[in-house]
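Enquirer: If you're matching them up, the sequences are chains A and P in order.
With the working numbering as the guide, the letters of the first sequence map in order to residues 1 to 138.
With the working numbering as the guide, the letters of the second sequence map in order to residues 1 to 177.
Rather than coming from a laboratory, the hints here were simulated on the basis of the structure.
Any given hint could turn out to be false.
Taking lysine-lysine pairs in the BS3-like style, the calculated list, with each CA pair at most 30 Å apart, reads [what the hints assert, rightly or not]: (1) A:Lys-129 with P:Lys-132; (2) P:Lys-88 with P:Lys-134; (3) A:Lys-135 with A:Lys-8; (4) P:Lys-134 with A:Lys-129; (5) A:Lys-8 with A:Lys-136; (6) A:Lys-8 with A:Lys-129.
Output of the computed footprint for chain A on chain P, the stretches with three or more beta carbons under 8 Å from beta carbons of chain A [stated by the list, open to error]: (7) 63-70; (8) 134-144.
Note that the structure is a prediction, hence the values are computed from the model and not measured.
Glycine included, C-beta positions come from ideal geometry on N, C-alpha and C.
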Amino acid sequence: MVKLSDFKGKNVVIAFYPADWSAVCGDQLTLYSELLPAFEELNAVLIGISVDSAFCHQAFRENRNYQMELLADFQPKGEVARQYGVYREADGFTERALFVIDAAGIITWSYLSPIDVNPGANHILEALKEIEGEKKND
Amino acid sequence: MTDNTNDLTIPVTQNDHIQGSITAPLVVVEYGDFECSYCGQAYTIVKKIQKELGDDMCLVFRSFPLSQAHPHAQHAAQAAEIADGQGKFWEYHDVLFEHQRSLDDPSLVRHATDLGLDGAAFKTDLQKAAFKDKVQESFMGGVASGVNGTPSFFVNGSRYDGDWQYEPFLEYLNSLR
Numbered sequence: 001m002v003k004l005s006d007f008k009g010k011n012v013v014i015a016f017y018p019a020d021w022s023a024v025c026g027d028q029l030t031l032y033s034e035l036l037p038a039f040e041e042l043n044a045v046l047i048g049i050s051v052d053s054a055f056c057h058q059a060f061r062e063n064r065n066y067q068m069e070l071l072a073d074f075q076p077k078g079e080v081a082r083q084y085g086v087y088r089e090a091d092g093f094t095e096r097a098l099f100v101i102d103a104a105g106i107i108t109w110s111y112l113s114p115i116d117v118n119p120g121a122n123h124i125l126e127a128l129k130e131i132e133g134e135k136k137n138d
Numbered sequence: 001m002t003d004n005t006n007d008l009t010i011p012v013t014q015n016d017h018i019q020g021s022i023t024a025p026l027v028v029v030e031y032g033d034f035e036c037s038y039c040g041q042a043y044t045i046v047k048k049i050q051k052e053l054g055d056d057m058c059l060v061f062r063s064f065p066l067s068q069a070h071p072h073a074q075h076a077a078q079a080a081e082i083a084d085g086q087g088k089f090w091e092y093h094d095v096l097f098e099h100q101r102s103l104d105d106p107s108l109v110r111h112a113t114d115l116g117l118d119g120a121a122f123k124t125d126l127q128k129a130a131f132k133d134k135v136q137e138s139f140m141g142g143v144a145s146g147v148n149g150t151p152s153f154f155v156n157g158s159r160y161d162g163d164w165q166y167e168p169f170l171e172y173l174n175s176l177r
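Full structure from sequences and hints, please.
Expert: Spelled out as structure tokens, the structure:
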């Protein structure tokens with residue numbers, strides 16, 4: 001069980017994605033895994049989350065050499081996604097959606113991507129820079 | 001406020017790797033990874049499209065090595081910059097995409113000598129990672145522009161999210177001519 005409060009003092013990026021092993025999700029997570037040091041520089045951790053099980057995530061992570069944590073929104077299925085308003089009831093999986101949450105637990109930026117478009121990382125980095133920039137100006 | 005567009009943040013200049021004229025009606029920037037099999041497919045498609053569009057198209061290649069997924073990609077990208085320093089970027093670019101299964105360091109040097117480049121100097125530059133910063137700059141510039149995987153294409157400055165197979169990509173480019 002992972003709670004947002006586990007990351008107190010850190011910015012958290014949550015990337016909901018439809019499914020392990022799918023082509024678009026694979027590319028998206030490959031990019032994020034590559035960029036973990038850049039997120040870290042902005043005091044952020046990135047977490048991927050889908051309705052796949054923990055065992056499925058483990059195999060996916062090992063196969064792709066991903067370095068970030070992947071959370072299983074598996075039981076009850078889609079419960080976390082529902083709380084963020086990004087569960088696709090008809091499909092049984094989540095939207096492709098990004099949330100940037102600051103260290104105080106406030107969602108400062110979110111983005112709902114077309115399901116088949118990999119949203120990249122540029123806007124995540126911009127949102128994190130905005131948080132960190134504001135902190136410096138305080 | 002973060003806006004959600006995906007436009008090229010690093011403008012095309014004469015310092016880029018360019019085929020064609022940067023004043024052409026269609027400027028296609030590819031962010032690619034020499035070890036990525038999709039980039040290998042795109043390589044032949046883009047060549048065909050260039051042939052079709054002729055002087056109307058300018059191709060720019062920028063490296064975007066995904067090192068965790070492709071263990072040789074980072075060195076291959078640096079090697080392409082070394083080849084550029086010796087005056088043969090595009091020839092070397094082509095050789096790498098045509099030999100994606102042989103991208104370890106000895107192969108990178110061998111490809112260079114096969115093209116008549118100075119192998120000893122090439123090897124030294126590769127060992128001291130002479131162009132590591134330049135490749136990293138290319139990578140992070142791509143990230144900032146919204147590169148989301150490889151290959152990623154930008155056409156006249158905007159990310160192209162459509163299909164890059166020959167027919168749909170050519171059709172799209174033709175629609176902008």
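Enquirer: Has the segment 63-70 of chain P got at least three residues whose CB is nearer than 8 Å to a CB belonging to chain A?
Expert: holds (count 4)
Enquirer: Below or equal to 30 Å on CA atoms is what counts here, so check Lys-8 of chain A against Lys-129 of chain A.
Expert: holds (18 Å)
Enquirer: Do three or more residues of the segment 134-144 of chain P come closer than 8 Å to chain A, measuring C-beta to C-beta?
Expert: Our answer is that it holds, as 3 residues pass the Cβ test (under 8 Å) against chain A, meeting three.
Enquirer: Run the distance test for Lys-88 of chain P versus Lys-134 of chain P: straight-line Cα separation, threshold 30 Å.
Expert: The given pair, whose Cα atoms are some 17 Å apart, holds under the 30 Å limit.
Enquirer: Would you check the hint for Lys-135 of chain A and Lys-8 of chain A, treating anything up to 30 Å between C-alpha atoms as holding?
Expert: holds (15 Å)
Enquirer: Decide if the proposed pair is consistent with the structure: Lys-129 of chain A and Lys-132 of chain P, CA atoms, cutoff 30 Å inclusive.
Expert: holds (25 Å)
Enquirer: Please work out if Lys-134 of chain P and Lys-129 of chain A have their alpha carbons no farther apart than 30 Å.
Expert: holds (23 Å)
Enquirer: Hint check: Lys-8 of chain A vs Lys-136 of chain A, CA-CA at most 30 Å. Holds or violated?
Expert: Judged against 30 Å, a Cα distance of about 18 Å means the pair holds.
Violated hints: none; the structure is consistent with every hint.
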